[in-house]
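These protein sequences, in sequence, are chains A and B.
Going by our numbering, the letters in the first sequence line up with residues 1 to 779, in that order.
Going by our numbering, the letters in the second sequence line up with residues 1 to 348, in that order.
For the record, the hints were derived by calculation from the structure and aren't laboratory data.
Be a bit skeptical, because a hint or two may be false.
With the Cβ distance kept under 7 Å, some of the chain B side facing chain A (calculated, not the full set) [unchecked claim]:
1) Leu59
2) Leu108
3) Leu333
Now the stretches of chain A that chain B is said to cover, found in silico as 3 or more residues with beta-carbon under 8 Å [stated by the list, open to error]:
4) 342–356
5) 479–491
From the three backbone atoms N, C-alpha and C, an ideal C-beta is built for every residue, glycine too.
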Amino acid sequence: MILSHRWLGRHLKEMPAPDVVVQGLEQLGLEVVGQSLYGDIFDTVELVEVVSRTPHPDADHLSLVDVRREGDKVTRIVTGANNGFAGERLWYAPPGTTLPDGRTLDVRDLRGIASPGMLLSPEELGYAAESSGDLWVWAGDEPLGTRFSAVIGGIDTLYEVELTPNIAQYLQSVRKVAEELSAIWDIPLVPVTEAFAYQRASLAVVEAEERCSLYGVVEMRIRPGGVSPLWVQTFLRAVGHRIIHPAVDVTNFVMWDLGEPLHAFDARRVDAPIVVRMARDGERLTLLDGTELELDGEDLVIADQHKVLALAGIMGGKDSGVADDTEEIVLECAHFEAPGIFKSYKKHNLVTDAALHFGKGTDPLAVFQAPVLAASLLRDGRVLHAVGGSTLVGTVPPERLVAYDPARIRALMGTDWDDRAIRAALEKMGYQLVGESAVVPRHRHDVESVYDLAEDVGRYFGLDSIPRKLPVQTAAMAERQPAESLDEVLRDAVAGAGYQEVITRTFTAPELDERFETGLAGAAVAVTNPLREEERIMRRHLLPSVMEVVRYNRSRHDLPIRIFEVGRVFGRDGDQVREERELAVVLSLEPRAGYPPQEEPSVYDLTGLFDYLCERLGWNAERRPFSGSAPPFLHPGRSQALMMDGREAGYVGELRPRIGDLYRVRRLGVLVLRYPSLEIGAVSHPGRPSRFQAVDRDLSLVIPEGVNYQGIRDAIRQLEIPELRHTTPVDRFEGDFGTSLTVRLTFQSDQRTLTDEDVEGAVSRILAVLEPLGVGLRQ
Amino acid sequence: MTESTSLASVLEDIARADSETALQDLRLKWVGKKGWITQQMKELGALSPEDRRVRGAELNEWRQAVLEALAEKEAVMRDEAERRTLASESLDLTLPGRRPAVGLLHPLTRMRRRIEDVLVRLGFSLAYGPQIESEWYNFEALNMPVDHPARDMQDSFFVDVPGLVLRTHTSPVQIRAMQQHHGRLPVKVIAPGMTYRRDDDATHVPMFQQVEGLVVDTHISLADLTGTLTAMVRELLGPEVGTRFRPSYFPFTEPSVEMDVTCAVCQGSGCRVCKDTGWVEILGSGIVHPVVLKNGGYDPERVSGFAFGMGIERVAMRIFGLDDLRLLYQNDLRYLERFQSGGGLDIQ
Ligand SMILES: [Zn+2]
Numbered sequence: 001m002i003l004s005h006r007w008l009g010r011h012l013k014e015m016p017a018p019d020v021v022v023q024g025l026e027q028l029g030l031e032v033v034g035q036s037l038y039g040d041i042f043d044t045v046e047l048v049e050v051v052s053r054t055p056h057p058d059a060d061h062l063s064l065v066d067v068r069r070e071g072d073k074v075t076r077i078v079t080g081a082n083n084g085f086a087g088e089r090l091w092y093a094p095p096g097t098t099l100p101d102g103r104t105l106d107v108r109d110l111r112g113i114a115s116p117g118m119l120l121s122p123e124e125l126g127y128a129a130e131s132s133g134d135l136w137v138w139a140g141d142e143p144l145g146t147r148f149s150a151v152i153g154g155i156d157t158l159y160e161v162e163l164t165p166n167i168a169q170y171l172q173s174v175r176k177v178a179e180e181l182s183a184i185w186d187i188p189l190v191p192v193t194e195a196f197a198y199q200r201a202s203l204a205v206v207e208a209e210e211r212c213s214l215y216g217v218v219e220m221r222i223r224p225g226g227v228s229p230l231w232v233q234t235f236l237r238a239v240g241h242r243i244i245h246p247a248v249d250v251t252n253f254v255m256w257d258l259g260e261p262l263h264a265f266d267a268r269r270v271d272a273p274i275v276v277r278m279a280r281d282g283e284r285l286t287l288l289d290g291t292e293l294e295l296d297g298e299d300l301v302i303a304d305q306h307k308v309l310a311l312a313g314i315m316g317g318k319d320s321g322v323a324d325d326t327e328e329i330v331l332e333c334a335h336f337e338a339p340g341i342f343k344s345y346k347k348h349n350l351v352t353d354a355a356l357h358f359g360k361g362t363d364p365l366a367v368f369q370a371p372v373l374a375a376s377l378l379r380d381g382r383v384l385h386a387v388g389g390s391t392l393v394g395t396v397p398p399e400r401l402v403a404y405d406p407a408r409i410r411a412l413m414g415t416d417w418d419d420r421a422i423r424a425a426l427e428k429m430g431y432q433l434v435g436e437s438a439v440v441p442r443h444r445h446d447v448e449s450v451y452d453l454a455e456d457v458g459r460y461f462g463l464d465s466i467p468r469k470l471p472v473q474t475a476a477m478a479e480r481q482p483a484e485s486l487d488e489v490l491r492d493a494v495a496g497a498g499y500q501e502v503i504t505r506t507f508t509a510p511e512l513d514e515r516f517e518t519g520l521a522g523a524a525v526a527v528t529n530p531l532r533e534e535e536r537i538m539r540r541h542l543l544p545s546v547m548e549v550v551r552y553n554r555s556r557h558d559l560p561i562r563i564f565e566v567g568r569v570f571g572r573d574g575d576q577v578r579e580e581r582e583l584a585v586v587l588s589l590e591p592r593a594g595y596p597p598q599e600e601p602s603v604y605d606l607t608g609l610f611d612y613l614c615e616r617l618g619w620n621a622e623r624r625p626f627s628g629s630a631p632p633f634l635h636p637g638r639s640q641a642l643m644m645d646g647r648e649a650g651y652v653g654e655l656r657p658r659i660g661d662l663y664r665v666r667r668l669g670v671l672v673l674r675y676p677s678l679e680i681g682a683v684s685h686p687g688r689p690s691r692f693q694a695v696d697r698d699l700s701l702v703i704p705e706g707v708n709y710q711g712i713r714d715a716i717r718q719l720e721i722p723e724l725r726h727t728t729p730v731d732r733f734e735g736d737f738g739t740s741l742t743v744r745l746t747f748q749s750d751q752r753t754l755t756d757e758d759v760e761g762a763v764s765r766i767l768a769v770l771e772p773l774g775v776g777l778r779q
Numbered sequence: 001m002t003e004s005t006s007l008a009s010v011l012e013d014i015a016r017a018d019s020e021t022a023l024q025d026l027r028l029k030w031v032g033k034k035g036w037i038t039q040q041m042k043e044l045g046a047l048s049p050e051d052r053r054v055r056g057a058e059l060n061e062w063r064q065a066v067l068e069a070l071a072e073k074e075a076v077m078r079d080e081a082e083r084r085t086l087a088s089e090s091l092d093l094t095l096p097g098r099r100p101a102v103g104l105l106h107p108l109t110r111m112r113r114r115i116e117d118v119l120v121r122l123g124f125s126l127a128y129g130p131q132i133e134s135e136w137y138n139f140e141a142l143n144m145p146v147d148h149p150a151r152d153m154q155d156s157f158f159v160d161v162p163g164l165v166l167r168t169h170t171s172p173v174q175i176r177a178m179q180q181h182h183g184r185l186p187v188k189v190i191a192p193g194m195t196y197r198r199d200d201d202a203t204h205v206p207m208f209q210q211v212e213g214l215v216v217d218t219h220i221s222l223a224d225l226t227g228t229l230t231a232m233v234r235e236l237l238g239p240e241v242g243t244r245f246r247p248s249y250f251p252f253t254e255p256s257v258e259m260d261v262t263c264a265v266c267q268g269s270g271c272r273v274c275k276d277t278g279w280v281e282i283l284g285s286g287i288v289h290p291v292v293l294k295n296g297g298y299d300p301e302r303v304s305g306f307a308f309g310m311g312i313e314r315v316a317m318r319i320f321g322l323d324d325l326r327l328l329y330q331n332d333l334r335y336l337e338r339f340q341s342g343g344g345l346d347i348q
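Please build the complete structure, drawing on both the sequences and the hints.
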């Protein structure tokens, strides 16, 4: 909403400076998001008098007009206008002036004659005037040189105010804002006009009473061809309205001034009486803007005996609006129930100023003020001939009460305001206090309980008056959630291992998601109103999102990729949605030129990372061959399934190079693990290191095809030799005899120094258990 | 000494030795098992006691002198050898070092943890809720019934599961946390998490992170809210930051207040970033609406509470001095690497 400083001033006996106004508005909860001026561009537009008018020597349609300016200076301007004769007073914009339409004037050459600036029409100034030619012939007696900004009352300050939904329920009106400012500033208000005395003419019937508690109509005879008073036009222009027709201008003015949208029908188009009723399903209405609407039984309409005239509280019909030749209007002043209007304008997507007022809530008492104001504005513009018949149907909704409990207000606000101060504040804010109740002002649809009263007292005193303290409470340990803490430890562990964390959007495209299908994820949850094509579903795996990071980076630069994400993935079983935790790590497996040389990343970095994470987090997990074949996007010879608690939970390995190619990296290692929401299971029990010497024994084994390290390690472990502390591969190579693998066995006892016999005995048992595998010592 | 060779010349031979071999030869020649001095000592037994004493002392003295000279020479030669080896091993340490492979946490993770840390120190426990949330928790329970005008404030993403929505804020966790407390007091939780709204520009992304806070107890007031949030913001942004509260509106708080902090760009004097106000909004908050307390299973006549919600990105933008939020979610590795340094304030 745009608030005009001068318009506010119409309601307040004094008006403080703009910075004080901004403070006041913000104290009330109206956030001022912008401030600008109105009328400053009219500061150079000056009143001049035509000295002479002669035809342009070289153009039939142009005239040379000499005007006298302030200080008897004469300027010659070329004009195409059909008026502006000697003795007439006109508005002149010298070069440099910027007009409301954005044009900045200059000296122009018009058929060989220089013309500095322009003589102006009312339209060029954004106004409407009763003038019989193109140029605005000014009837006032201001001295020459008077600026246009002066005749419209001076330059105005405009406040662009953001209305929160609650404020929109009661402060969409200059008067209401002024009332609250008057309360907090203690500046008296200009009194409102007396209430309009509706007559008892039978001009309207309300059938849908539950949707319209008050419906008033007032007939007014007007003079065609009139315009709104200059000051009314100025206020409307300032807050962004176009000047249309005095009857329409008046409805706009009253809407912003009192918060009461009015509607003016052309009396010729209304077959009285007016009926306020629900629309019939399928009934049609062509709106003022030409759109045709199909109505249903939920829409409240204003109709006459034959047709629908308007969608109540939202927009009038095309056929019943005022026209230039309108001589009598039927002015509607109503109070509609807000929720009905809100639903209707939402349904038809008709966001009009009237809808934004009625749909949020208006003051029923404004129905009595609005006709008086409207008539006085029309009278002021010499447009009104006479006020005719009028009717008011319905009753003013009863006042509401809420509990008034000053102690509770103090407790909620944490202040020491005494009862008298609280009472005074509420009364200033428009409440009447009766015993233990507060009578809520009729326009305050937002007020429901003592909480709202507390807020209003806070707004009255300003939030700066609230002390700032820490709560006094029983002390309690703050707790973290174990499952989330695990996520954090996991992030630290992977980052500590040299991977950069990324955070990707959880939306993805089904095509990308399916590329990394493993059967672990449920069906996708689709976003029904995505912003982008590629964000149609909630991701079922992390890898597609992380791979998009690879693509993004590789299409821009050639950095090595070492990234990970710990995040949520989504799936569904019917209408049951699951959110699960996943880790995805991606590593580019490429040698990197550089000195000093770096170790070449390999898929062993990822298998090792997995083993480390299991140890660090106490996971009961292991790497195993895939039970069936590896997923198609993985390298079958360089990938493994990851098992957690005996169930397949992910994979580690190399992507198939042709998949990597899609992301501009030939070889990529990936690790994906869907892990349960568990506490960290690992607790270190370090024990005391043995005092006795450890003994290493290296066995160079020849292993046949089909036997892998895990087979050897598992066979050795089966022996459960207590003194065998570590088994570590130390060398591997291929010779004409096959594959040789050297395994270092480390023996140690906590009780004694091991003898050669002890070690040799263990080694023979180990060799014996390996023999059936076809594994023997290399000769 | 052979009678014709003096001790001095032996010692000089040792000093002149130019190789380990030469030195070894001299050792054998004079003090080895078959060396001249050793031999002479073996022959002492043949002498008279008086001669043996004199000759023995003499030989001992000679032996001692030779051994010392040998040791001294050996040390010199060892030093020399080492010097040569070391010289041959020198490296060009002006070459770039091999940096440890250390990954970084995403700046928003670091920022989230920093906020959590401050609030946990203030006694808040952590609470969580689902990202795909029921409309009841996301709207109705928070005093936003269907057709409530405030639903317009948050443009939601809907999903193809009836009754569910991508949560538009972390506020549903207020209800969940209260329900999990089963009426126990105090409730004092923060809920960090992903949230979603249909916005996409330099200062809004469709997926973003919030931290929600909720305190419910007897006698909780707006003063507790302003005090707690002021303490938190000073801890996050520094003690010198200016703070103010403005009335605002959220359906689930009443009264609602927004908190502003002094603009980091102009320090409060007014600039383009803060639209010449000197202030920028940092969070929304308020006294928990009685309807929300009821929906959480608490009696609004008996207890009261305050709640707040803060965008993590907004805090990150301020602390890191960013003007475009979208960069944080683009995951450009060159950009993320830049958060390497300056690891003081933002890392906890
Ligand atoms: Zn600034």
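Structure versus earlier hints, numbers of those that do not hold, lowest first: The structure conflicts with hint 1 only, although it agrees with all the remaining ones.
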